[in-house]
Amino acid sequence: MSKLKTLYQSSLGKKYIMALTGLGLFAFVIIHMLGNLQIFLGPDPINSYAEFLKSKPALLWTARIGLLAIAALHITSAIQLIMINRRARPVDYSTDKIVAASFAARTIIVSGLIILMFVIYHLLHFTFGAVDPKFLRYEDYLGRHDVYRMMVEGFSNPFASAFYIVSMGLLCLHLTHGVSSTFQSLGLKSRAYVAAIDRLASISAGVIFLGNCAIPVAVLAGLVK
Amino acid sequence: MNLTLKVWRQKDASSSGRFVEYEARNIIEEMSFLEMLDVVNEELVAKGEDPIAFDHDCREGICGTCGIVIDGSPHGPWDATTTCQLHMRAFKSGDVITIEPWRAKAFPVIRDLIVDRSAFDRIIQAGGFISVSTGGAPDGNAIPVSKDDADMAMDAAQCIGCGACVAACKNASAMLFVSAKVSHLGLLPQGEVEQDRRVLNMVRAMDAEGFGNCTNIGSCEAVCPKEISVDFIGRMNRDYRRALLRNE
Ligand code: HEM
Ligand code: FES
Numbered sequence: 016m017s018k019l020k021t022l023y024q025s026s027l028g029k030k031y032i033m034a035l036t037g038l039g040l041f042a043f044v045i046i047h048m049l050g051n052l053q054i055f056l057g058p059d060p061i062n063s064y065a066e067f068l069k070s071k072p073a074l075l076w077t078a079r080i081g082l083l084a085i086a087a088l089h090i091t092s093a094i095q096l097i098m099i100n101r102r103a104r105p106v107d108y109s110t111d112k113i114v115a116a117s118f119a120a121r122t123i124i125v126s127g128l129i130i131l132m133f134v135i136y137h138l139l140h141f142t143f144g145a146v147d148p149k150f151l152r153y154e155d156y157l158g159r160h161d162v163y164r165m166m167v168e169g170f171s172n173p174f175a176s177a178f179y180i181v182s183m184g185l186l187c188l189h190l191t192h193g194v195s196s197t198f199q200s201l202g203l204k205s206r207a208y209v210a211a212i213d214r215l216a217s218i219s220a221g222v223i224f225l226g227n228c229a230i231p232v233a234v235l236a237g238l239v240k
Numbered sequence: 021m022n023l024t025l026k027v028w029r030q031k032d033a034s035s036s037g038r039f040v041e042y043e044a045r046n047i048i049e050e051m052s053f054l055e056m057l058d059v060v061n062e063e064l065v066a067k068g069e070d071p072i073a074f075d076h077d078c079r080e081g082i083c084g085t086c087g088i089v090i091d092g093s094p095h096g097p098w099d100a101t102t103t104c105q106l107h108m109r110a111f112k113s114g115d116v117i118t119i120e121p122w123r124a125k126a127f128p129v130i131r132d133l134i135v136d137r138s139a140f141d142r143i144i145q146a147g148g149f150i151s152v153s154t155g156g157a158p159d160g161n162a163i164p165v166s167k168d169d170a171d172m173a174m175d176a177a178q179c180i181g182c183g184a185c186v187a188a189c190k191n192a193s194a195m196l197f198v199s200a201k202v203s204h205l206g207l208l209p210q211g212e213v214e215q216d217r218r219v220l221n222m223v224r225a226m227d228a229e230g231f232g233n234c235t236n237i238g239s240c241e242a243v244c245p246k247e248i249s250v251d252f253i254g255r256m257n258r259d260y261r262r263a264l265l266r267n268e
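Listed in order, the protein sequences are those of chains V and L. Take 16 as the starting number for the first sequence in the working numbering and just add one per residue. Take 21 as the starting number for the second sequence in the working numbering and just add one per residue.
Don't read these hints as lab results, they were simulated from the structure. Idealized CB from N, CA, C, for every residue including glycine. Do not take every clue at face value.
Each pair of labels, with its calculated beta carbon distance range [said to hold, decoys possible]:
| hint | chain 1 | residue 1 | chain 2 | residue 2 | range |
| --- | --- | --- | --- | --- | --- |
| 1 | V | ARG121 | L | GLY68 | 42 to 48 angstroms |
| 2 | V | VAL106 | L | VAL59 | 25 to 31 angstroms |
| 3 | V | LEU139 | L | ARG142 | 47 to 53 angstroms |
| 4 | V | ALA207 | L | GLN178 | 16 to 22 angstroms |
| 5 | V | ALA207 | L | ARG29 | 44 to 50 angstroms |
| 6 | L | ASN161 | V | ARG121 | 44 to 50 angstroms |
| 7 | L | ALA110 | V | VAL106 | 22 to 28 angstroms |
Computed cross-link-like contacts, DSS-like style, restricted to lysine-lysine with a CA-CA straight-line distance of at most 30 angstroms [unchecked claim]:
| hint | chain 1 | residue 1 | chain 2 | residue 2 |
| --- | --- | --- | --- | --- |
| 8 | V | LYS112 | L | LYS26 |
| 9 | L | LYS125 | V | LYS112 |
| 10 | V | LYS112 | L | LYS112 |
| 11 | V | LYS18 | L | LYS125 |
| 12 | L | LYS246 | V | LYS112 |
| 13 | V | LYS149 | V | LYS71 |
| 14 | V | LYS71 | V | LYS240 |
| 15 | L | LYS31 | V | LYS112 |
| 16 | L | LYS246 | L | LYS167 |
| 17 | L | LYS125 | V | LYS20 |
| 18 | V | LYS149 | V | LYS240 |
| 19 | L | LYS26 | L | LYS246 |
| 20 | V | LYS69 | V | LYS149 |
Going by beta-carbon spacing under 7 angstroms, a handful of chain V positions derived as facing chain L [what the hints assert, rightly or not]:
| hint | residue |
| --- | --- |
| 21 | SER26 |
| 22 | LEU27 |
| 23 | LEU96 |
| 24 | ASN100 |
| 25 | ALA103 |
| 26 | ARG104 |
| 27 | VAL106 |
| 28 | TYR108 |
| 29 | SER109 |
| 30 | LYS112 |
| 31 | SER196 |
| 32 | SER200 |
| 33 | GLY202 |
| 34 | LYS204 |
| 35 | ARG206 |
In isolation and in its complexed conformation, chain L is listed as follows (with noise of 0.2 angstroms):
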């Protein structure tokens, strides 16, 4: 099938940057969506141009490193799917696709289609850890963990930190991200010790970022790839209103 992309080009983090139209020719619809950007950066770099810059890592949904609006929507039309993972066959001969980076104060774009999401290694770093030393693996077993809770924390922990959730908020809220990781840990009795320290203090470094508030609309879980629950946001309202209530 052949396309027609609108994408995003900006050449660094101080220029403007602006659409450039380009022709995606051949394309298959077994190829992933980064697949078919790899084959129109070939033909760029045949003519001496410069190739579409996006981020990618793994190219099978588990790392968290691509992701693209493409036509309005975080990773694409498909519900619960990386943008690598993502195939033509979501598309059809003759198509507009307009692709752009994820917009956000707190996502500052890099080069075309790359944002820096460091922003969330910082909101991490604040918190989202568990400080003691574990020594060698203990027994899975010699701790018990209840159904419940393990579902629920392995429904969190499913969260790559895409950022997918604050491209698609319109107050570029990390809401989503940041509840996944405060949720995912503190279910857990390794990391429930620390879960007032943790809900403070990693609340204090996504505010920090620039990131918006949550008006309680729902387009973070609707676009996340790993259909991360905004309950977990209702979790850690909760979490930190204890925390607040305990603690200072």
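Only chain V is shown next, with the shape it has when bound in the complex (with noise of 0.2 angstroms):
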């Protein structure tokens, strides 16, 4: 118990738990984009894949619930960090001069709330149908529930869809800072790794960006209709 304290209270302990509930995410943004994939396969598979998922609520529910965990960790970690880190700066320098900082890490609170805003428009528009409530009853010839025809109805809307990617950009964004900042801040990241480390991150990064705007663009496009 004393430990667990130990790692709360401390600085390095917050950074711990941020990259492994950051690892947690991004985990879960990888399988949600390779089941979201399966849309080019047809209506079939990704139908029948959400009805796998339906039939274990065990399963879902267990997922859910962890998954709602760590982003309140991730969240609310982020934020004493930001608040103790504002409170150790009191009184700004006249010059606003920035060195060595990249983009994606001065920015990262901003990517990291942006992609905040949009899980909840994200789940109010699929998980909750409070965008289009048709969403949630459409069925497929089998009866179950055409979630093809909804991701499809769904990015047909050009301004949706256009969300959608601006958001996958922002959390490229995140993750190029992110991935990298995990290893760091778990103490993996030795010399002999830091390009190799470097890299993962931005070709990871870049292959979630493209995976999941994959599907609004051939949408829009008419390649999934």
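Got two chains here, separate frames each, mind docking them using the hints?
Here you go:
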């Protein structure tokens, strides 16, 4: 217990939490993307995949609750760290000179906040059907929830698609700094691997961006209908 | 050359400060930045005004006492250079130079450009030492140390504790300083035995002083006059993780 308390209270411990929860969210984003990419195989695979997930409520709810807890931890730790950091530098310099900070690093809070807004919109859009209630009522020929049709109709709205694409760009930005940061925060980044880790961060961020954006782009281009 | 200086003047820790403009006339390129301030101060004293207070000691780049933010950069525009080793050839006649103290909650301004860096001393007191009595100087080769470890320990030991890392960091984090001190002792056999306790205690002291957290941006490394690498921060993150798992 006291170990957990030290972990939670120390600056380094909070960064471990940040990194581990970031890693958890990262893993989710990859799995989520692979699931969605099944849309390119036609309606059957993705609808039966959705049906499969719904048929395992224990699994589904464990994953949902776990994910919510991870996201909550990531965000609360981020807020705590930001507040400590603001307090540590109460007086600014007269010239705001930024030394050696990448764009992704400087905007990590902004990208994080927009991702949060996106996640809320995304859940309202496809999980709760709050944007268009009939989305949840579509059924395919086997009487399953027609996820395929819901996605195609959802992304046929260019504004919704544009928001998805911009958000994926920001997630990509968040991850270019986030993934390499994770290794550093956990003390796994040694001199020999710096270049490889930074490359891994850029490549995985790029793959996530392209993979996720392929869906709204394909729908808008009429390739998936 | 002639320069215009905008200097932060602050009477003491409890007063609020402000920028005051001074002319620095007949400055020679070969002067160091501190010698330039000496010239300005002589003029101020001759006029019966208070000289600009700044910290300095060795003036040869090894003690870590000097430290001023010059045009937004701790220790000024040159890489791997302390303020005392910065020379006026870095500037040209007519330049306007802004001169401020380190800014961090943990480094309160005492007067003008001087800040109180005793927070660093308290962090060292928490674990930046080796407790064994070493007796007389042993044979340097009696305890073998691998070349890689020796080199890395020496790289970390270069830290002069000037605080430029804190000054540069947008979060006023002391991670580069603390990680250099933790690593330089932990890499050597004499210091390794106490490494868990050292890293836990030094990090606790660092947090208690009100320094911020590392967001892996790298400004500290960029301004460090001794080119301490952020690799040491990664090393400390690892040492702390191990210590936490093994102890308490
Ligand atoms: C799918 C969503 C997200 C993923 C995959 C993700 C991933 C990551 C990763 C891997 C890191 C690096 C951790 C480290 O510094 O070691 C990170 C940092 C960060 N994230 Fe997220 N994140 C997500 C959502 C968010 C959200 C919604 C916020 C909203 C506040 C946020 C705010 C931050 C901040 C402020 C940092 C920097 C913390 C620091 O350096 O001290 N993230 N994120
Ligand atoms: S005065 Fe000693 S390092 Fe500058």
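Structure-based check of all given hints:
1. V:ARG121 with L:GLY68: 42 to 48 angstroms: 46 angstroms, holds
2. V:VAL106 with L:VAL59: 25 to 31 angstroms: 28 angstroms, holds
3. V:LEU139 with L:ARG142: 47 to 53 angstroms: About 51 angstroms separates the Cβ atoms of LEU139 of chain V and ARG142 of chain L, which means 47 to 53 angstroms holds.
4. V:ALA207 with L:GLN178: 16 to 22 angstroms: 21 angstroms, holds
5. V:ALA207 with L:ARG29: 44 to 50 angstroms: Given range 44 to 50 angstroms: holds, Cβ gap about 48 angstroms.
6. L:ASN161 with V:ARG121: 44 to 50 angstroms: Holds: the Cβ-Cβ distance is about 48 angstroms, inside 44 to 50 angstroms.
7. L:ALA110 with V:VAL106: 22 to 28 angstroms: 26 angstroms, holds
8. V:LYS112 with L:LYS26: 16 angstroms, holds
9. L:LYS125 with V:LYS112: Between LYS125 of chain L and LYS112 of chain V the Cα gap is close to 19 angstroms, so the pair holds against 30 angstroms.
10. V:LYS112 with L:LYS112: 20 angstroms, holds
11. V:LYS18 with L:LYS125: 28 angstroms, holds
12. L:LYS246 with V:LYS112: Measuring from Cα to Cα gives roughly 21 angstroms; hence the hint holds.
13. V:LYS149 with V:LYS71: 24 angstroms, holds
14. V:LYS71 with V:LYS240: The given pair, whose Cα atoms are some 29 angstroms apart, holds under the 30 angstroms limit.
15. L:LYS31 with V:LYS112: Answer holds: LYS31 of chain L to LYS112 of chain V is near 26 angstroms, not above 30 angstroms.
16. L:LYS246 with L:LYS167: 20 angstroms, holds
17. L:LYS125 with V:LYS20: 25 angstroms, holds
18. V:LYS149 with V:LYS240: 18 angstroms, holds
19. L:LYS26 with L:LYS246: 27 angstroms, holds
20. V:LYS69 with V:LYS149: Status holds; Cα separation ~19 angstroms.
21. SER26: 5 angstroms, holds
22. LEU27: At about 5 angstroms, which falls below the 7 angstroms cut-off, the nearest Cβ of chain L leaves the hint on LEU27 of chain V intact, so it holds.
23. LEU96: Cβ of LEU96 of chain V sits 5 angstroms from chain L, so the hint holds.
24. ASN100: 4 angstroms, holds
25. ALA103: 3 angstroms, holds
26. ARG104: Holds, about 4 angstroms.
27. VAL106: 5 angstroms, holds
28. TYR108: With Cβ-Cβ at 6 angstroms, under 7 angstroms, it holds.
29. SER109: 6 angstroms, holds
30. LYS112: LYS112 of chain V check passes; min Cβ-Cβ to chain L is 3 angstroms, inside 7 angstroms.
31. SER196: 4 angstroms, holds
32. SER200: 6 angstroms, holds
33. GLY202: 3 angstroms, holds
34. LYS204: 5 angstroms, holds
35. ARG206: 5 angstroms, holds
Hint violations for this structure: none, all hints satisfied.
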